[in-house]
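Colleague: Read off the chains here:
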Amino acid sequence: MIFAKIEPYEEIIKKLDKKEDKIAIISCNTCARTCGNGGINKLNELGLRLIRDGYHITDEAVILYACSEPILREAKLDLEANTIIVLSCSAGWACFTRNFPEKKVLKVTEDIGLVMTDSDKEIFKIVLPYKNHETKLGREYRINTGEPLIREKIKVRCVQ
Amino acid sequence: MIISVRSLSYDQLKRNLERDDKIVIWSCDTCVKHCGIAGMEKMIVLEDLLKEDGYTVIKKELVSESCQINLAKKHKDANKDIFNQATAIILLTCEIGYQCVKTVFPKVKVIATAKTFGSGNFSNKKGPILTSPLPGTNLELDPEGYTLNNIVEEFNLYQKFFDADKVPNPEKIMINVNGKQMLVKKDAILLDELEANRIRVPHLCYDSSLGSIGACRMCLVKIDGKRGLIPSCCTQIEENMKVITEDEELDNVRKSVLQMIIAECGEEIQQSRDIRYWMRRYKLTENRFRLPTRDKFVDDSNDVLIMDPNRCILCGRCVRACTNLSGQKVINFANRGSNMVTVTGLNDSFGNTDCAHCLACAHYCPTNAITPKSISKKIAGYPFWTMITYPKKIVDKIRC
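In order, the protein sequence lines correspond to chains A and B. So this note's numbering is basically just the index in the first sequence, starting at one, shifted up by 37. So this note's numbering is basically just the index in the second sequence, starting at one, shifted up by 815.
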């Protein structure tokens, strides 16, 4: 799985234009949901906040994988939308950028690393960190929220 | 998805093995399968190659998601006797899967066969592509992506599976199918070999990754010397076997079975892809049984999956996927006979179970009784929720 961290709300709205942008929000329901940056809850949270602040949201969708082209069509994007916010890792953002070249696709997350998960203990652990996040190797977080944990719960015995 | 490429040649793999090793082949069924270097088919190929070279393969273990360490532990616990004998585990997983398995089996020799390069997409034109490379690769983030060919050339690795290095040549025997001689793999399942030889036999409950239980009775064939009709998914091939896969009697039996399956569930089942295909194939336009109107509760409490019992044909694929591939044992059958149903947990709602969201059940369900949630909330002009995927019942429920 891939752990990506969502930017603060203030950073996201800096990239948006209240008058021009007709926004569609797409949320990934796999890795991003597990890591607390996607799924229906995060989509509702961001969508409602943007609507409350006067942004023009035309469409919201949750799809199983944002990184798979055959699944993109399930989003059934509103043709009016000219801006897409993708709540997923950068692979999901890349997929939308490639498939909707005429639209502005916003990258609102940053990849932290590839993670192993333990769905029973509801934690995930970074095992292969991305650039600038090497110090986070071995850190653990809570599934669904992405809240960092202090005590290590998964003992990994080997690093390749 | 995570992009991984094979990093070992077959000779290098053999150098890591001892002649008397008892080998387990462990494969992930998700990202690495889409990269073309894992899955049940690949495990069978590797098993054939190793057996041909005199190695002992004691088990093939397919795991729905190898990056979930708790699933790896459950697989170990479920097959303790076999894993206690194992001296080497060959992994067809990404590097995360390697770390999970190595943690769970600290004393066993674990051989990784793939290198992980980062995350990427599945592209309709190019197949799997790497878009977000890990720092060790010295590649930059690129939405257009690097194809597996690019990576293989750049890093001097291997694009295809081990059979690109050496073609497996398992022991073969001759059988007779519909009057024609056919060379097939010894001790294989009849249905697998018929499909491999492009003889299409209908089946709903069988998948080579899950094993056979002979529940749906759609794959019945005639075998010379055996009484009655035999389910080909539960039959091991024997030398000089004479098989008939198509004749009027078999067609009529399959038609009746299909009608009964549809009548058991109701009209909604006819929307399923597999059922529709076989209805067209057998020109089934009307059902001689009365179709019931089912209105069982559709469970959408799970974060990722929707379970619609109105579409369930009790084939047991989800039960086997959850037990054998995931190891979580969340889905099971309850009651007996005509009261039998598929339940989650201890008859709890799907959302209140230990579901690991590995999607194995949805992947193997032939009738879309379990589907991934995919929701589109059109805001302009449509002030209600609309489900894009089935089931329709939920759409109606939400609209009301």
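Honestly, the hints are just simulated from the structure, not real lab data. Note that the Cβ used here is the ideal one computed from N, Cα and C, for glycine as well. Fair warning: there could be bad hints in the mix.
As the list claims (entries may be wrong) - Derived contacts from chain B toward chain A, CB cut-off under 7 Å, selection only:
#1 Asn936
#2 Asn1055
#3 Pro1187
#4 Ile1190
Colleague: If a hint holds in the structure, say so; if it doesn't, say that too.
Modeller: Going down the list of hints, with the structure as the test:
1. Satisfaction of the interface hint for B:Asn936 is found here, the shortest Cβ-Cβ separation to chain A being roughly 5 Å, below the 7 Å cut-off.
2. Against a cut-off of 7 Å between C-beta atoms, the interface hint on B:Asn1055 is violated, since the closest Cβ of chain A lies about 44 Å away.
3. Interface restraint check: B:Pro1187 against chain A, minimum CB-CB distance 4 Å, threshold 7 Å, status holds.
4. The interface hint given for B:Ile1190 holds, since its Cβ lies 5 Å from the closest Cβ of chain A, which is under the 7 Å cut-off.
The structure does not agree with numbered hint 2 stated previously, though it agrees with all others.
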